[in-house]
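Asker: Residue-level listing of the chains:
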Amino acid sequence: MEPEISEEELQRLYKIMLLTRSLDIRGVQLQRQGRIGFFISGLGQEAAQIGSAYALQPEDWILPAYREVGAMLVRGITLTQLMDHYFANAEDIQNGRQLTNLFGVRAVNYVTGSAPLATQIPHAVGVALGAKLRRDPIVALTYFGDGATSENDFHTGMNFAGVFKTPTVFFCQNNQWAISVPVSKQTASESIAIKAQAYGFEGVRVDGNDILAVYRTTREAVDKARKGGGPTLIEAVTYRMGPHSSSDDPKRYRTEQELAEWQRRDPLTRFRKYLEKKGMWNETSEKQAQDEASRQLDEAVKHAEKLPRPTIETLFSDVYEHMPWNLEEQLRQLKTEKQGGTQ
Amino acid sequence: MIQAINRTLRDEMKRNDKIVVLGEDVGVNGGVFRATEGLIQEFGPNRVLDTPLAESGIIGVSIGMALYGLRPVPEIQFMDFVYPGFDQIQSELSKFRYRSGGQFIVPVVIRMPYGGGIKGSHYHSQSTEAFFAHTPGLKVVIPGTPYDAKGLLTSALREEDPVMFLEPKKIYRTVRGEVPEDDFTVPIGKANVSREGSDVVVFAYGAMLHVALEAAELASAKGINVEVVDLRTLIPFDIETIMSSVKKTGRVVILHEACKTCGFGAEIAAQIAERGILHLKSPIVRVAGFDVPFPYVLEDDYMPNASRVLSAIEKVHNF
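Just so you know, the protein sequences line up as chains C and A, in that order.
The first sequence begins at 0 in numbering that gives the first Met the number 0 and counts up by one.
The second sequence begins at 0 in numbering that gives the first Met the number 0 and counts up by one.
These are computed hints drawn from the structure, not numbers from a lab.
It is possible that part of the hints are untrue.
[What the hints assert, rightly or not] No more than 25 Å apart at the CA atoms, straight line, and that leaves these computed lysine-lysine pairs for DSS-like:
#1 A:K221 x A:K247
#2 C:K164 x A:K17
#3 A:K280 x A:K314
#4 C:K226 x A:K17
#5 C:K164 x C:K226
#6 C:K194 x C:K226
Just chain C, same shape as in the assembly (with noise of 0.2 Å):
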């Protein structure tokens, strides 16, 4: 069964991938040279965030957790956003005042995150019936990790939306590692999937480095909810390829063979040998995509290398709409202390 994705599409789409991997390679290589202070990679798994942002409308919302780049560059984030987020300066839409890839963009309903695991799954149920009540036919997806099928704000975002019938697509990427942890020790049940039926909703698992897989699974659910249907539950199955974050060592947790194992399922080669048999794509292609990605990373970088650390005044504003007494003081006080002079 093959979706109905024009030629063009499917190339964009593989473009998308090429990108977010370089994107990923080139945040490792940033943070190594200690030109960006950490990163956190979701290499493998491209294709279960790209595809299943995909199928989501511009008007549709993502509460993402903190690896989805790829869903980021589908929902139309530009480059040089993320390295101005990356680099932390002066034109990041953030005020550089989040780790990197916890970014979001209001103007495409593309939330924030944050790192406490699960938070974003209640949120993408008050979105989701928010729309709901209004009576707007509009759709939150949420991401999450095996990992944070532990936590509470899991099980209660899950009862919430069965209880409420909300438009919610809950997307497990399930990449067998919470950074050392591996599923089997986050649950008993045999799948994430399964949990769904607790809930009073379906849960479906595919493969999640299969990305035309993971665009029809997630756009059935995405038809469904916008219908009225409710929530769905989806388990992406795939492998986080990298380490948990710049700060984690994965050797010291997992087997060469088994990393050995999932590369060899690599959604990228998988899906480029796809459009290579349909003659949708070639060696050519491919260095010209390569080439471009790196030209545009290149770009995006050296804008956001040069800029300037935000204002001292981003460290107060944005707590509230106004800035209180107690934050004017300190913002006074601190001026002047880094004026040289005393309070």
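Please build the complex by placing chain A on the supplied structure of chain C, with the hints as guidance.
Answerer: Chain A in isolation, oriented as in the chain C frame:
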């Protein structure tokens, strides 16, 4: 006070169709304290939602609704039960505006009955406002009169920032007062001088306002002229009014029912010491709950009362 809260919810829900009330028992039952009585009949089940029994869900889903552009007003049945939702308040609600660079705002008003005096033991009595006052990004508001309950709740419901709205349940029905029917607000961040005086100032809020006023009367009979300031908003607190009463009297008592150590009174005392120690004629004295879990049968011994406050007033007066 409970009537004032109920009417304010009704009035604002009429004015703003984005306000949605949700929580445990808030629908047909009208809330266990009846704060939401009649709302579901008037506004229907799309504006008043009985939810599953899970505070992190109630607050987390409210945050999502606010992201979408609604104005959710979750009720946490007792403040003692808010902790499953603490992560949502601490990690999400308070930080959305900041971490998104002002892109995503979450104007949620969390209503919570709090405080002792109803023989409710540990889990229906606590005052843990300091947790929330210690979290940047939240406003913390506590009315002490029916008039302020209406004025402050109206302000909270028109705010663009999240508000922790703590309702002193002991005085839900015991404190009565005139509340005008017309549209008025009490600004968040402004204290109120509830009683003018020149010898000693007592800072209080919530149900303790009335204990402070009672103690002030007792002191008056002894010739001590006591000023009582109702803080009304803990975050951001009204430093101008606080310091003006400190300068006027030079003798300070701070009163709250929350336990003493690291309670909000510590912040007020520190602010006064930092800014105006030379105005003080005596040490600052705090009257507070003890540093113990909230008791049951010995509740009356735990709760600050007028005679304990009077002793503190006399202590600072006679120093």
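Asker: Are the Cα atoms of C:K164 and A:K17 separated by 25 Å or less?
Answerer: With a Cα-Cα distance of about 20 Å, the restraint between C:K164 and A:K17 holds, given a limit of 25 Å.
Asker: Given the proposed pairing of A:K280 with A:K314, does the C-alpha separation stay at or below 25 Å?
Answerer: holds, 12 Å
Asker: Run the distance test for C:K226 versus A:K17: straight-line Cα separation, threshold 25 Å.
Answerer: holds, 23 Å
Asker: Given the hinted pair C:K194 and C:K226, is their alpha-carbon gap at most 25 Å?
Answerer: Between C:K194 and C:K226 the Cα gap is close to 23 Å, so the pair holds against 25 Å.
Asker: Is it true that the CA of A:K221 sits at most 25 Å from the CA of A:K247?
Answerer: holds, 20 Å
Asker: Hey, C:K164 versus C:K226, does the alpha-carbon distance stay inside 25 Å?
Answerer: It holds: about 11 Å lies between the C-alpha atoms, which stays within 25 Å.
Every hint, counting from the list given before, is met by this structure.
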